[in-house]
Amino acid sequence: MPSWLDFQPFIVSGLALGGVYALSGVGLVVLYRATGVVYLAFGAVGAMGALIAWSVINAHAPDWLGWLVCVLFAGAVTLGYGMVFGSALAGREPLVKAVATLGLTLILFGVMDLLWTSSGGESRSITLPTDNGGFTIGQVQVTWTQVIGLAAGVVITVVTAAFLRYTKLGTAMRAMANDREITATLGVPVRRVEAAAWLGCGLLGGIAGLLLADLVALDATTLTFLVISSLAAALIARLRSIPLTFVAAIAIGLIHDLLTPIAALSNYRDMTPFVLATIALLVLSRRRLLARSREEG
Amino acid sequence: MRIREHAPGARAAAVFVAVAAVLAVAGCSSSSSSTSTPASSPAAASPSSTAVSTSQCGTKPGVAATGTPIPLGAIATNQPGTSFTDIPNMAAAYFACVNANGGINGHPIKLYIETEQTNPAQIAADAKQLVQTDHVVGIVGNTSILECTIDHAYWEKLGYFIVDSGIAPECYSTSNSAAVNMGPRYSSDGAVQYALSQHVSKIVFDQSNVPGTGYIAAGPAALAAAAHTPIVQLTENVPISDANSVAIKEVDDAGPNGAVVLNFTPPEALVILQAAQKLGLENRVKLWGCSTPCNTDFLAQALGPKWNNKLFVNAELTPPDVTNTPAMGLYKAILAQYGKSVSGGIGSFSQMGFAEAEILVHALESVKGAYTVASVNAAIKAVSGFNTGQLCQLWSYGSYPMHIPNNEDYTVTPDNGKMVIAQGCTQISSVDPQIAAYRKVAGTAPSAP
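Residue numbers (the numbering used here), protein chains in the order written: chain A, 1 to 297; chain B, 1 to 449.
Any given hint could turn out to be false.
[What the hints assert, rightly or not] Calculated from the model, a selection of chain A residues having no Cβ within reach of chain B, i.e. all distances over 10 Å:
| id | residue |
| --- | --- |
| 1 | L169 |
| 2 | P189 |
| 3 | R191 |
| 4 | L226 |
[Unchecked claim] Okay, the calculated beta carbon distance ranges per label pair:
| id | chain 1 | residue 1 | chain 2 | residue 2 | range |
| --- | --- | --- | --- | --- | --- |
| 5 | A | A61 | B | S175 | 53 to 59 Å |
| 6 | A | W144 | B | N283 | 45 to 51 Å |
| 7 | B | A225 | A | V140 | 31 to 37 Å |
Source of the hints: derived by calculation from the structure; they are not laboratory data. Beta carbons are placed, not taken as given, at the ideal position from N, Cα and C, and that holds for glycine.
Given these sequences and hints, build the entire structure.
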C-alpha cells in the first residue's frame, strides 16, 4: 500500500480533473432541467472546439483567439442543435432525446477523425500559459491550470446556483423543469429560455474542452468520451441538484486518481464513474422504496 | 440549490445505462472499403527532397505499363484513433511510380487495399475477398492490429508469403509472415536496451492495456533480468484520461537514477510526456525512453527543447531527415509525386510502405513466366540479402518457422523539433529469447552498406 506521501500528488491532479467534471456536470444538469435532454454531445463539441483552437493557434493567430473560437464554436453548435432538434423532439421520451444527441456526437466524431487524422502518427497538444507557472505544496508541484480547473468547477457551481435562484431567466428555467406546457401558458418565452440553456451548456462544453485538452489530451476520442465522468456525476445528483453534482464530480476525479498508485486497483480506476453512479442509484432507489413503504404502511 | 424533478429518476437511470452502453461501443462500428492503386498526382505530402528522379523506380523510364495487371492485396486497420492506411497507400504510390515507368516487364501492379476495424470476422472476410474476388497473387503492406492473428493460418494454407508491417505476435512467430519493422516487442527491447546501456538503476516499462501486452513485456523483462536491473511493468487503459497521474506514478516508481520507457501510440505518449513536463517531472528520472511510434517530428515539435537528450526513441528504420542516400531520395521523390493519399508524409509509416513495395517489385522482377500465386510467392520467399535503403540490415525472407528480419536499429532523440540520431545501428540483444530463436534459424543478417 502506498504511503500518504505517495498519494499527495494524486490529490492535486484528482481535484483539478474533478473541477472540470463538475463544470461539465453542472452544464448537463442545467440543460436537462430546462429541456429534458441528456446532452451526450457535450464532450464532442468541446473536443472539436479544442481541435479548431489548435488549428487557429497553429495558423499563428493569437492564442486567445483560438480559445475564444473554441468556446464560441461549442456554444454555436449546441445552440444550433437545440434550436433545430430540441424543439422538434420536445415531446418525445428522454431516451429518444438522448440518443438524438448521440447522433450529433457521432457526426462530430467522424468529422474530427476526417479533419484531424492521426493516420500518420500525428500528435497534437494545447498548452495554456498557466502550465508554465505554479507553486509547490510539500513535494507536490501544482500548476495554475490545475488551480483553474478546480476553481472553474467551484465558480460555475456557485454562479449557476445563484443564477437559477435569483434571476428571472433562472426562475423561468426552474419553472420549465416542473412543467413545460404550464410554464408556456403563463407567458414564459419557453423557446428563448431553452435557447439560453442550450447556449450556456455549449459554452461550458467549450470551456471544459479547452481545459481538458490541456489537462488530459487533445484527442477526439479521449475528450468525446470524458463526458461519461460528468454524466455519472450528474446522475448521482439525480440530474437535479447542482451542489451534489459538484460533490460527485470531485469525488469521481479524486477517487479515480487516488487509485492510480495502488497497483492492484490501478487498471480498474476508469470504472470509477460507473461504480459510483451504480452505487448511488442503488442506494437512492432503496431509500425511495423504504420511504414509500413507510408511507403506505 | 435544488430544483424539482423533471422525469423520474429510474427513467433517467435507464437513459444513462443505455447511452453509456451505446457510447462504449460507438467506436467499434464495422465497415470495409476497397481502393486500388491511385493514379499519379502532381504534388503531395511536403517532402523535403526531390533531387532523385522517380523514373528510377522502373526499368523503362517514362513508358507506362499497359499489360495485364498483376493484382496484389493489402489489409490495414483504419478506425477512429488508429489508422495504418499510410503504409499500403505508400506501397500503392511506389507501384504507381513503377507502373508509370515500365511496370514489371510491361505489366502494371494493381494493389487492392481492404480496411478493417479490428473485427475478426471482417478481417477474415477481407482476406477471402482479396483471394476469391480480387484474385490477388501476393499480399504486401498488411498493417493491422489483428490481421496476422486471424489470417496467418489462411495464408499458410493457400501458400501466400506475406510482406507486412507487424504488430501482433503472429507477424513474427509464424512461417508465412515477414515484416520490415520490428513491431512493438522488439522496438521496446531496443528502447530498454538503450536505457540499460546508460546504466540506469531501474526500468519502468509502461504500455497500452491492450491484448498482447504480456508478449511485448516479455522482451524488456528478459533484457532487464540479464542486466540485473529491476523492472516495473505497468499498463494503462487507452485513451489515457489522467495523464498527470500516469506520469507521476511512472516517475515515482523509477526513482532519480531510473528510466521510464513507454510503448504507446504518439498521441498517448505525447500526453504522458507533456504531463511530466508540466509537472516538472522530466528531470526526476535519469532518462525517458520510447518505442518506435514516438519517432515522429510531430512529437519532437510538440515536446520542445526540454526533451533534447532526455528522451531516447527506438527507430526501426533509417532516419529520413539526416540520410541522403539514393534510396532515401527515391522514397522522398515518390512520396512527393505519387503519395497524395499518404497523409502522414515523411515518416516511419510511409518508409515501411516504401520498403515493402521495393521488396515486392524486386521479387516480381525475378519471376519467370506467368504471375501466379505459386510463382509470385516463391519469388517473395526467395528474397535474400535485399538492401531496402530503409533498414540497418539487408532484408531476407527464407524458409523459417518465424521471421524477425529487422533486428538492428537506431536510437534517436529530439533536437529542437527534429529527431536526430543518438546511437547508430545496434543489434537487438539475443537475450530476448525470440531474437535468439530467430538468429538460431536464420543467422545474423549483414548490415546494409
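Comparing the hints with the structure gives:
Interface exclusion of A:L169 from chain B stands, the closest Cβ pair being 14 Å apart, more than 10 Å. Non-interface call for A:P189 relative to chain B: holds, since the shortest CB-CB distance, roughly 19 Å, exceeds 10 Å. The beta carbon of A:R191 is kept farther than 10 Å from every beta carbon of chain B, the shortest such distance being approximately 17 Å. For A:L226, the shortest C-beta to C-beta distance to chain B comes to about 6 Å, within the 10 Å cut-off, and the non-interface label is violated.
Checked against the given bound of 53 to 59 Å, the beta carbons of A:A61 and B:S175, roughly 55 Å apart, stay inside it. Between A:W144 and B:N283, the C-beta spacing of about 20 Å breaks the proposed range 45 to 51 Å. The beta-carbon spacing between B:A225 and A:V140, approximately 34 Å, falls within the hinted interval of 31 to 37 Å.
In terms of the numbered hints stated before, the structure departs from hints 4 and 6, listed from lowest to highest.
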